[in-house]
Amino acid sequence: MKNLLTIIFAILIQSAFAQADFNFYYGIDLINIGKNSIAWNARDASSIGLKVRFPYKEIYLGGTVSFTKYNLSRPDHKYKMEMSKYELSISRSFQVKKKLDLLVELHPYARYFNTDLFSASLKVDECNFGLGLYTGLNYVITKKLKIGLGYSIDRDIFASAMSSSEITDNDRFIKMTVHSLLLNMTIPIIYRNRK
Amino acid sequence: MKRLINILILILISMGCIKTGTEERSERHKDQFLKLAEFDCVGIQSEHYLFAEIDNIDYCSNTNDTILNQIHLAHSFTTTGPSTGSSTVVEGSSYVSVWFALHRDYALDIRLKYLAFSTDPYPDTTTLLQIAAETFVENKIWPMSGTNINQRAISCFYEYSDNRHGFNNYHLVSSEFGEQDGKYLTMDKVSITKEDDFITYDVELTFNADLHIDPDRNGSTNLWGEVRNGEMKAQFKIPK
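Protein sequence lines correspond, in order, to chains R and Z. Just so we're aligned: 421 in my numbering is position 36 of the first sequence, and the numbers increase by one with no gaps anywhere. Just so we're aligned: 239 in my numbering is position 235 of the second sequence, and the numbers increase by one with no gaps anywhere.
Keep in mind that the hints are not guaranteed to be accurate.
[Claimed, not checked] Across the chosen pairs, the derived CB separations fall in these ranges:
| hint | chain 1 | residue 1 | chain 2 | residue 2 | range |
| --- | --- | --- | --- | --- | --- |
| 1 | R | TYR411 | Z | PRO219 | 31 to 39 Å |
| 2 | Z | PRO219 | R | LYS442 | 30 to 38 Å |
| 3 | R | ASP461 | Z | THR82 | 32 to 40 Å |
| 4 | R | LEU473 | Z | SER80 | 34 to 42 Å |
| 5 | R | ALA424 | Z | VAL46 | 22 to 30 Å |
| 6 | Z | ASN68 | R | THR562 | 38 to 46 Å |
Honestly, the hints are just simulated from the structure, not real lab data. From a predicted model like this one, the values you see are computed outputs, not experimental measurements. Think of the CB as a built atom: it goes at the ideal place given N, C-alpha and C, for glycine as much as any other residue.
Start from the sequences and build out the full structure, keeping to the hints where you can.
Right, here's the structure in full:
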């Protein structure tokens, strides 16, 4: 499923539009997984990602693929975890100064947990769905390069249901709220030979 | 510039897609038990019971019409081939151990889940009665079996059948897959009644353990759950 989504995403951004903004970012993340029956914590999280935005009238439509690493820990035990996230985004840019603009973006997403964790007190389901908000400033260095700094908050709304009548305690599913500080680099591409 | 973007996209794809479809399907079966383990605790409701907190979540088992005091002599051995019928037993691999718990009888068509105990291996000529006499000794403190325990011990495990269609595979997390520091099973009270055909052990015990994932079967190692404040009151009838 992840392979398919990634390939579809890559094909889409390669072929669909005559103009696109490619944005590569590195994020420092703060993950809150809520309260559980023991003191689970998620720490030392960071992510890399690729955002693509296509101009459509006054707004941008696009998508994001990102990968996150973090340490999931309980007292005296620490586990290295990985997850990936696939977003659809709608955003709008506002010019603040001549070379400075503000981008505001809303993105529903699917979060896949790539690393298994087996626990009596925490259930890491395969996929969570949520909604996120990003806001950031971009500074134009050249016509082909912008750099920026932004903040995003993502909140998992529900975990995908597993087909079992055994699940009675939904509080044990991992549900994340992720705050991220994003350093990004945007490369606007115009395919001049297309009509 | 487009070439650079293509390279960056390929890097992202290669980092994200690290499992094949077959691997993902096999893992779905593999971790079914571990994800779905639930504890339906209704408190102590019968004379014979097992209670414990697993990661601060209550687990309990009470004897009734179907959940019974169970004690089994388990015979384990390795064969030279996959079939027990046509293969021979590898010399020196045969041993017995005793399992005891409160659970339903085994069946192919029901999902079982229970917390249980097992003794260390004994020579395969040892009887259930002999092992029981050595195991159920009042005030004896047994170390919990673990990778860092070198003396004779008792292991605590949680077992669950996945009840897949046409199968009923059993999976377990156990104390013996990880380290046990300061974890014990204490035989607080043992009463022995001898009858013509049976010896009956009335046992009250307390225990603590850390249950770990089996690294050989699951390809993952982590502490699954901390078993605390465990107590068990059971009656085991052993034929003479």
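To see whether the hints hold, each was checked on the structure:
1. Range check, R:TYR411 to Z:PRO219: about 33 Å between beta-carbon atoms, so the 31 to 39 Å window is met.
2. Distance hint check for Z:PRO219 and R:LYS442: the Cβ-Cβ separation is about 55 Å, which falls outside the suggested range of 30 to 38 Å.
3. For the pair R:ASP461 and Z:THR82, the beta carbons lie near 35 Å from each other, so the given range of 32 to 40 Å is met.
4. In this structure the supplied range 34 to 42 Å is violated for R:LEU473 paired with Z:SER80, their Cβ-Cβ distance being about 54 Å.
5. Distance hint check: the CB atoms of R:ALA424 and Z:VAL46 are about 27 Å apart, consistent with the given range 22 to 30 Å.
6. Evaluation of the 38 to 46 Å hint for Z:ASN68 and R:THR562 yields a pass: the beta carbon distance comes to about 43 Å.
Figure legend: structure checked against the earlier numbered hints; hints not met, in rising order: 2, 4.
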